[in-house]
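> Same order as they appear, the protein sequences are chains A and B. Counting from 0, one number per residue, gives the positions in the first sequence under numbering that gives the first Met the number 0. Counting from 0, one number per residue, gives the positions in the second sequence under numbering that gives the first Met the number 0.
Bear in mind the hints are in silico, worked out from the structure with no lab data behind them. Treat the hints loosely; a few may be bogus.
[As the list claims (entries may be wrong)] Result set (DSS-like, lysine-lysine): computed pairs, CA atoms no more than 30 Å apart in a straight line:
no.: 1; chain 1: B; residue 1: Lys85; chain 2: B; residue 2: Lys30
no.: 2; chain 1: B; residue 1: Lys106; chain 2: B; residue 2: Lys84
no.: 3; chain 1: B; residue 1: Lys64; chain 2: B; residue 2: Lys324
no.: 4; chain 1: A; residue 1: Lys198; chain 2: B; residue 2: Lys309
no.: 5; chain 1: B; residue 1: Lys324; chain 2: B; residue 2: Lys30
no.: 6; chain 1: A; residue 1: Lys198; chain 2: B; residue 2: Lys303
no.: 7; chain 1: B; residue 1: Lys309; chain 2: B; residue 2: Lys237
no.: 8; chain 1: B; residue 1: Lys106; chain 2: A; residue 2: Lys198
no.: 9; chain 1: B; residue 1: Lys324; chain 2: B; residue 2: Lys309
no.: 10; chain 1: A; residue 1: Lys198; chain 2: B; residue 2: Lys306
no.: 11; chain 1: B; residue 1: Lys240; chain 2: B; residue 2: Lys214
no.: 12; chain 1: B; residue 1: Lys214; chain 2: B; residue 2: Lys106
Source: prediction; values computed, not measured.
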Amino acid sequence: MSAAHYLGAFAGIARRELLRFVKQRERFLSALVRPLVWLVVFAAGFRAALGLSITAPYQTYIQYQVYIVPGLIGMIQLFNGMQSSLSMVYDQEMGSMRVLLTAPLPRWYLLLSKLLAGVAVSMLQVYVFVVVAILFGIDIPPRGLLWMLPALIPTGLMLGALGMLLASAIRQLENFAGVMNFVIFPLFFLSTALYPVWKMREANTLLARICDWNPFSHAVELIRFALYGQFNLLAFAVVAGTGLIFFLGAVWSFDPARRFRAGRTA
Amino acid sequence: MKARTLAATTALCLLTCASASAHWLYVSNEKDDTLSVIDTETNELIDTIKVGERPRGITFSGDYKYLYICASDSNAVQVYDIAAKKIIHDLPSGDDPEQFALAPDNKHLYIANENDALATVVDVDSRTVVAQIDVGVEPEGMAVSHDGKWAIVTSETTAMVHWIDTATNTLIDNTLVDQRPREAQFSADDKELWVSSEIGGTVTVMDVATRQIKKVIDFAISGVSRDTIQPVGIRLTKDGKWAFVALGPANHVAVIDRATMEVANYVLVGRRVWHMALTPEGDKLYTTNGVSGDVTMVDVASQKPEKTIKVGRFPWGAAMLPKDKIPQ
């Protein structure tokens, strides 16, 4: 297999992801509206005009709207990761998954290509959201937009890999509602996306501990620190580590021979 | 030999002069009975100094050798020697001194005595009371014009600005302002007098020549209740462009465009912001946040808060020691 084959396969997968995204306008719109509703309605409801206590990486008091921006960026990537897993379930049902997996290239490479294409789509959504947030008057450091870029890749890959792992476990589209209830909601609400850990600790120490252990929290913190030009090593290590585990899990579960055997016994 | 001495002197200067690359901000901590010193370059706390009970208003002498401290519960104005790093003596101040202002002659200190409805004039050299002037109930804010002609006292309960002629130390005129006037500041050209009204929630700008009110500035911050907007500290930049007003429990500093006399911006700082100090260049503003026990640095050009530094409990007054006056 030459490099051209690899590149060709990647281009094909990326083109398919992008086309799917562009063709589904409502998907783009909902990807944008969802975090904006949180930013404009939910954050306003919290009435944090008097500022939140200082937690790193912030150097001074900030408004609640400023606090939840990295969490909402994480939310975009989380939904995008789940959405692409949804599309994989669809592909499984329609048979296009088989076409993809029977390509004469290593399976891990095909899955990684799909993940990278998903990350590119999520980044497009993130930047449109951030620009709209700035237009709404949210104070985001302009240089942070550039610093955030390298952070979005590991976080997007980790959340995409999680989606992929879930897709391997779901046989039918109908089961996807369960993913919403048992994966997206707990990941999002039990994280530092909407409130700092100290706030959570005030309410319940167990919840605060879950928050600390939640890989989504670390994805949000990696983005948050990057926005302010800082690198959070712990967050990166957790994101990279869990991302790798999810990815290896996905590669293993998409083994056609294993799936064939599983299909026969089912 | 000469060259060696020169080299040694240069080396010594490099070592000792290096510390004077930034101005030092002095902050009085009301509940800790201390002063906090902040390096304005690194924005870090570099020293904490024990002083008298309940230090509030602080101001430097004209030559920056001494810091005058209103130690309210010690009923004294203490004189702190910057080089010797100790309190050298007290000045007679009358009861419960809260705020004061030093006349440009660097000799007369005008002190507001909250409990006695008096303004006390103290000669800082002979350490004697030169005059006591009856003013309204609960005098608080004090200001002396840059030309030394006027001393201003604001009385909280009477809600008045009292105009004192410094030549005779007599009360000449009173101006009624909104409830509970807290602080008075003259513009650099002495043409305007700015007075904040804590309960009234406004700032009154007066024309000094006619002693008439020119404008009353109101404040409104979205999402913040009107009652919590309690203007106290005022700082005017030397270039005449901006006025900063600390809004107390509203946790914001209002930035007023001096040209239009309208609020241009609100800057989020710590809890219950009382007083402020500007660097000599006017590029950084520091606010004392009483309830949160910290000081916020605001970049004047961008009008954005950049860093909040933890100090003692209930920081109150702030005064800036320019870098060329820092003792080596």
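> Next step is simple, just say for each hint if it's right about the structure.
Hints, verified against the model:
{"no.": "1", "hint": "B:Lys85 to B:Lys30", "in the structure": "holds (20 Å)"}
{"no.": "2", "hint": "B:Lys106 to B:Lys84", "in the structure": "holds (21 Å)"}
{"no.": "3", "hint": "B:Lys64 to B:Lys324", "in the structure": "holds (8 Å)"}
{"no.": "4", "hint": "A:Lys198 to B:Lys309", "in the structure": "holds (20 Å)"}
{"no.": "5", "hint": "B:Lys324 to B:Lys30", "in the structure": "holds (28 Å)"}
{"no.": "6", "hint": "A:Lys198 to B:Lys303", "in the structure": "holds (25 Å)"}
{"no.": "7", "hint": "B:Lys309 to B:Lys237", "in the structure": "holds (28 Å)"}
{"no.": "8", "hint": "B:Lys106 to A:Lys198", "in the structure": "violated (52 Å)"}
{"no.": "9", "hint": "B:Lys324 to B:Lys309", "in the structure": "holds (25 Å)"}
{"no.": "10", "hint": "A:Lys198 to B:Lys306", "in the structure": "holds (21 Å)"}
{"no.": "11", "hint": "B:Lys240 to B:Lys214", "in the structure": "holds (16 Å)"}
{"no.": "12", "hint": "B:Lys214 to B:Lys106", "in the structure": "violated (33 Å)"}
The structure fails hints 8 and 12 (numbered hints given earlier, in ascending order).
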